[in-house]
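We have chain C already, so just place chains H and F on it with the hints.
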Amino acid sequence: MVDLVLKGIRKDFGATRAVDRINLTFPHGKLTALLGPSGCGKTTLLRMIAGLEDPTHGRILLGDEDITALPAHRRRFGMVFQSFALFPHLTVADNIAYALAIEGVDKAKRRARAEELLELVQLPGYGARRIGELSGGQRQRVAIARALAQEPRVFLLDEPMSALDAKLREDMQVELRLLQQRLKITTVVVTHDQREAMTMADQIVVMSHGHAEQVGPPQQIYSRPANAFVASFIGKANFLSGEATGGRFRVGEFTFEAPRAPSFLTGSKVTLAIRPENAVIGGKGPNALPARITFIRDVGSTRDIYLSTPVGEIVVEYGAGESLPPMHVGEDVPLQLPPETLHVFAREPEAAA
Amino acid sequence: MRLRWWGHGFMWLAGLVLLMPILVVSAAALNGGRSMLFPPEDPTLARFGEFFVSEPVWREALWNSVVIALSSAALAVLLAWPAAYFIWKSSDRLSRVIAGLMAMPFAVPPIVFGVGLGFMWAFTGGLGTIWAGILSHAALFAALPLVTISIGLQGIDRAHLDAAATMGATEGIAFRTIVLPQTIPYTISGFFFAMVLSFNEFIVIFFVSSSSYATVTLQIFNSLRNGFTPTMAVGAIAFILVSVAAFSLVARFGDLPRLMGADQTRR
Amino acid sequence: MSASAAEEAASAPGPAHTDASGAALRLGLLAVLLVLCLVPFLFVLAISFGHKIEGAGWEFGFEFTHYARFFFGAAWPESFSQLYWQRLGYSVYFAAIAAVLAVALAFPFTYFLTRLSRLGQTIWLVILLSSLSLSEVFIVMGWDILLSARSGLPALLDALGITDWTKEIGWFRWFRDVGLASPRNFKFKTSGFATVLTMAYLVWPYAVILLYPALSRLDPSLIEAARTMGARPLTVTRTVILPLVRLPLVGSSLLLFVFLLGTYVTVTVFADPSQHTLAVSIYDSVRGSTLNAPFGAAQSVILLVAAGGFLLAGRRLSAAAAS
Numbered sequence: 001m002v003d004l005v006l007k008g009i010r011k012d013f014g015a016t017r018a019v020d021r022i023n024l025t026f027p028h029g030k031l032t033a034l035l036g037p038s039g040c041g042k043t044t045l046l047r048m049i050a051g052l053e054d055p056t057h058g059r060i061l062l063g064d065e066d067i068t069a070l071p072a073h074r075r076r077f078g079m080v081f082q083s084f085a086l087f088p089h090l091t092v093a094d095n096i097a098y099a100l101a102i103e104g105v106d107k108a109k110r111r112a113r114a115e116e117l118l119e120l121v122q123l124p125g126y127g128a129r130r131i132g133e134l135s136g137g138q139r140q141r142v143a144i145a146r147a148l149a150q151e152p153r154v155f156l157l158d159e160p161m162s163a164l165d166a167k168l169r170e171d172m173q174v175e176l177r178l179l180q181q182r183l184k185i186t187t188v189v190v191t192h193d194q195r196e197a198m199t200m201a202d203q204i205v206v207m208s209h210g211h212a213e214q215v216g217p218p219q220q221i222y223s224r225p226a227n228a229f230v231a232s233f234i235g236k237a238n239f240l241s242g243e244a245t246g247g248r249f250r251v252g253e254f255t256f257e258a259p260r261a262p263s264f265l266t267g268s269k270v271t272l273a274i275r276p277e278n279a280v281i282g283g284k285g286p287n288a289l290p291a292r293i294t295f296i297r298d299v300g301s302t303r304d305i306y307l308s309t310p311v312g313e314i315v316v317e318y319g320a321g322e323s324l325p326p327m328h329v330g331e332d333v334p335l336q337l338p339p340e341t342l343h344v345f346a347r348e349p350e351a352a353a
Numbered sequence: 001m002r003l004r005w006w007g008h009g010f011m012w013l014a015g016l017v018l019l020m021p022i023l024v025v026s027a028a029a030l031n032g033g034r035s036m037l038f039p040p041e042d043p044t045l046a047r048f049g050e051f052f053v054s055e056p057v058w059r060e061a062l063w064n065s066v067v068i069a070l071s072s073a074a075l076a077v078l079l080a081w082p083a084a085y086f087i088w089k090s091s092d093r094l095s096r097v098i099a100g101l102m103a104m105p106f107a108v109p110p111i112v113f114g115v116g117l118g119f120m121w122a123f124t125g126g127l128g129t130i131w132a133g134i135l136s137h138a139a140l141f142a143a144l145p146l147v148t149i150s151i152g153l154q155g156i157d158r159a160h161l162d163a164a165a166t167m168g169a170t171e172g173i174a175f176r177t178i179v180l181p182q183t184i185p186y187t188i189s190g191f192f193f194a195m196v197l198s199f200n201e202f203i204v205i206f207f208v209s210s211s212s213y214a215t216v217t218l219q220i221f222n223s224l225r226n227g228f229t230p231t232m233a234v235g236a237i238a239f240i241l242v243s244v245a246a247f248s249l250v251a252r253f254g255d256l257p258r259l260m261g262a263d264q265t266r267r
Numbered sequence: 001m002s003a004s005a006a007e008e009a010a011s012a013p014g015p016a017h018t019d020a021s022g023a024a025l026r027l028g029l030l031a032v033l034l035v036l037c038l039v040p041f042l043f044v045l046a047i048s049f050g051h052k053i054e055g056a057g058w059e060f061g062f063e064f065t066h067y068a069r070f071f072f073g074a075a076w077p078e079s080f081s082q083l084y085w086q087r088l089g090y091s092v093y094f095a096a097i098a099a100v101l102a103v104a105l106a107f108p109f110t111y112f113l114t115r116l117s118r119l120g121q122t123i124w125l126v127i128l129l130s131s132l133s134l135s136e137v138f139i140v141m142g143w144d145i146l147l148s149a150r151s152g153l154p155a156l157l158d159a160l161g162i163t164d165w166t167k168e169i170g171w172f173r174w175f176r177d178v179g180l181a182s183p184r185n186f187k188f189k190t191s192g193f194a195t196v197l198t199m200a201y202l203v204w205p206y207a208v209i210l211l212y213p214a215l216s217r218l219d220p221s222l223i224e225a226a227r228t229m230g231a232r233p234l235t236v237t238r239t240v241i242l243p244l245v246r247l248p249l250v251g252s253s254l255l256l257f258v259f260l261l262g263t264y265v266t267v268t269v270f271a272d273p274s275q276h277t278l279a280v281s282i283y284d285s286v287r288g289s290t291l292n293a294p295f296g297a298a299q300s301v302i303l304l305v306a307a308g309g310f311l312l313a314g315r316r317l318s319a320a321a322a323s
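Protein chains in written order, with UniProt numbering: chain C, 1 to 353; chain H, 1 to 267; chain F, 1 to 323.
What the hints contain is simulated information worked out from the structure, not anything from laboratory work. Keep in mind that the hints are not guaranteed to be accurate.
[Stated by the list, open to error] Over the 12 Å line for every Cβ pair with chain H, so calculated as not near, a few chain F residues: (1) Val-100; (2) Thr-166; (3) Arg-217; (4) Gly-230; (5) Arg-246; (6) Asp-272.
[Stated by the list, open to error] Simulated coverage check for chain F against chain H, where a stretch passes if three residues somewhere in it have a Cβ under 8 Å from a Cβ of chain H: (7) 29 to 38; (8) 43 to 52; (9) 73 to 87; (10) 135 to 141; (11) 182 to 195; (12) 204 to 215; (13) 273 to 287.
[Said to hold, decoys possible] Below 25 Å or equal to it, Euclidean Cα-Cα: the simulated SDA-like pairs (lysine to any residue) are: (14) C:Lys-284 / C:Ser-308; (15) F:Lys-187 / F:Lys-52; (16) C:Lys-107 / F:Leu-234; (17) C:Lys-107 / F:Lys-52; (18) F:Lys-187 / H:Ser-223; (19) F:Lys-189 / H:Leu-224; (20) H:Lys-89 / F:Ala-20; (21) F:Lys-189 / H:Gly-125; (22) C:Lys-30 / C:Glu-65; (23) C:Lys-107 / F:Leu-312; (24) C:Lys-167 / C:Leu-178; (25) C:Lys-30 / F:Gly-230; (26) C:Lys-107 / C:Pro-124; (27) F:Lys-189 / H:Gly-33; (28) C:Lys-109 / F:Pro-243; (29) H:Lys-89 / H:Leu-75; (30) C:Lys-109 / F:Arg-238; (31) C:Lys-184 / C:Asn-227; (32) C:Lys-184 / F:Gly-230; (33) C:Lys-107 / F:Pro-243; (34) C:Lys-30 / C:Phe-13; (35) C:Lys-109 / C:Arg-139; (36) F:Lys-52 / H:Gly-125.
Backbone N, C-alpha and C fix where the C-beta goes; we use that ideal spot for every residue, glycine too.
Excised from the complex, chain C in its bound form (with noise of 0.2 Å):
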């Protein structure tokens, strides 16, 4: 069992702070999304893994091995980057072979290599194409199994889905999530799109600003988000802002019981978070307050229900299969915030939101 420990990384860009105090267990074998928008950090967090970029402080351990000053031609880490970088003056089986053309390997042995892993992202026979000639879809799968070729001890993605079209881009996270299943090898995968870090992923990282917000498998990052950033970017959250009274919380002149809220002073700001589908139109008991639909929007497979209430706007999402009575805009309805579905947060300086 070799995890990838990441041990009090800093990495300084001139004045910039691309990336700090990141301590993290890459677990041996299982796939870790790091997940965040654009600028948080991710990507220079994976390139300092693959060998890249040298941290400006911290270690990086591979087992008992520190790999922190290992170039990254030594360290054998497969990495699929967003581009691609497939050589467009090299065959697709030259691509795959080009590790071990480098190593060494015979020529033979190359091409079965090529062939087998060819089979293995599902393009038998492709070997003799010029790159120019292949889809974006099947760069992809070259890309990857160019990255598998050498055995790679960890196998890096670098927002790997992004150069690809919406459908297509769903079928591969599937693909390539049952591929890292079946192979069994520690995979770190960058993304901005949180759909395809839960569909992926063992562990998610959400990151921001240069650190990591939360880290923890996706069902909890999605129910028990740590902050409200970290519940805004993961899924769909109402907001509303308040203050701790004596165990429960004020939003203008309504008072909300969170039984499952931390404790906070009498008087602390908060912020607190519901999510969509938590909320109940027509719901009866604690934490009742009025509304009147203002939007109504079905797109098919959900409904939102936008309202607007005494404490600001607040949308409600219904799938599909659920049964409601009739709405019209205009209509003013209740509605309920259960109380063991709302999230409170300490309310976080403007400038980090």
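Same frame as chain C, but now just chains H and F:
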């Protein structure tokens, strides 16, 4: 991949070799005597006075150089502008023939073009006149503004022209208000390129001047059999300074890496 | 053409080149360029068949005397001379070595240049362009001092004791044998070494400028991909960078080679008279000592044909290698 120390080392070494002859020439201009010694003997600035003021041979040569460089560069821009514009508007056969003609003097050994121009001006009676020199240099260097102006035109988003048309702009107005302002830096760059190269050109002007006038480079070459003198080195310094100034201006007001063909999407 | 007419023409439907004024302007431009850029070459071609009048110049005609003189010598058929073949040979020899040398040294430099920051690149480009535009006469002047026996490299080597040292270990004889030393000291003028060195220096900034676009457009992730697959920097250069810029490398070498075929000042100053090139011979015929314009024109045509032949062969070769 970042640049390692040996990369920097190689670049500095190359830069040093590049500057060495220039530095030596500059130092030689300080010689008190008539011979080009390095390090200079009896350092003096008297040679600068000789070059710019007291010796009419050099003063006239400098004047001729300046007149030919400025006029031919202006003429080259005037020739290149319509050509670049036509190629940008439609790359049909005629436009490509025009571009090919402009590039031709640049693609052959310059001595052959110089010989040909000499014959042509002798035939038409222009040999030895300043205007023949100006026209010759304009033809030789029109390819440079053609390239820079074309790069500038390629940077214009054609949607802007369509947008202007929907707002009522005629092609003439769109040209004045959209095309021209965006290409002015490239036009000026092209002018400077042509000017600096004309200033320094030797072999073509040698054949078309036919010894009836001299530019600075010609004057230096004519004095060659008597050997180089420190006064010539002053000319070299003046020319280098003009080049550095012109290209610094190009870099200051335009995007030099892009003009030289760098990919502007990076960095 | 009045302003209102221009406005009218511009506002007429359809692209500008269909307009009468646009078409007229294009044809006018074409005429000017034909005169300035093509007619000179036609004169060279026509006069190469012309007749030389003893002591008075030349007249138009149609004779092959001058080509025959180039190919077989002036005294042919009594005797055969390969003098002008030799001149062409030295033109090709110096230009080829200098062009390849310049491109080989420009390649790593340009690669490093494209890895610098935008500001760093701009500063280097200003230096390169200033050096590139510097007149050949100044460059020759600089190297003349640098290579001169009294105050240049030979004096420096002498002062540093390197001259004596090479004499001690016996290498000095070798320098003498190849003509780079007098019996007692190093002597770099006149020599093929000085000629090639100055010619390579002359076009080196051109080589950088020519390679710059290709190398700066090189996708850095290709290099990084190769590194993650175990290639060390030199292997990356050999297996990724060089194959990707092979065409620009060959193209630049050919272009500079053709440009150097016409080098005149460098050769007259630095090359031994026995190694003078066709360019010098053209100069002598047209304006210099021998004064035979039609023969100069014929030599120009041959130089041009040789240049075209090499360009074509180079393009064929690289196209064949690419497929």
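Hint numbers contradicted by this structure: Checked against the structure, the hints that fail are numbers 3, 9, 11, 15, 17, 21, 23, 31, 34, while the rest are satisfied.
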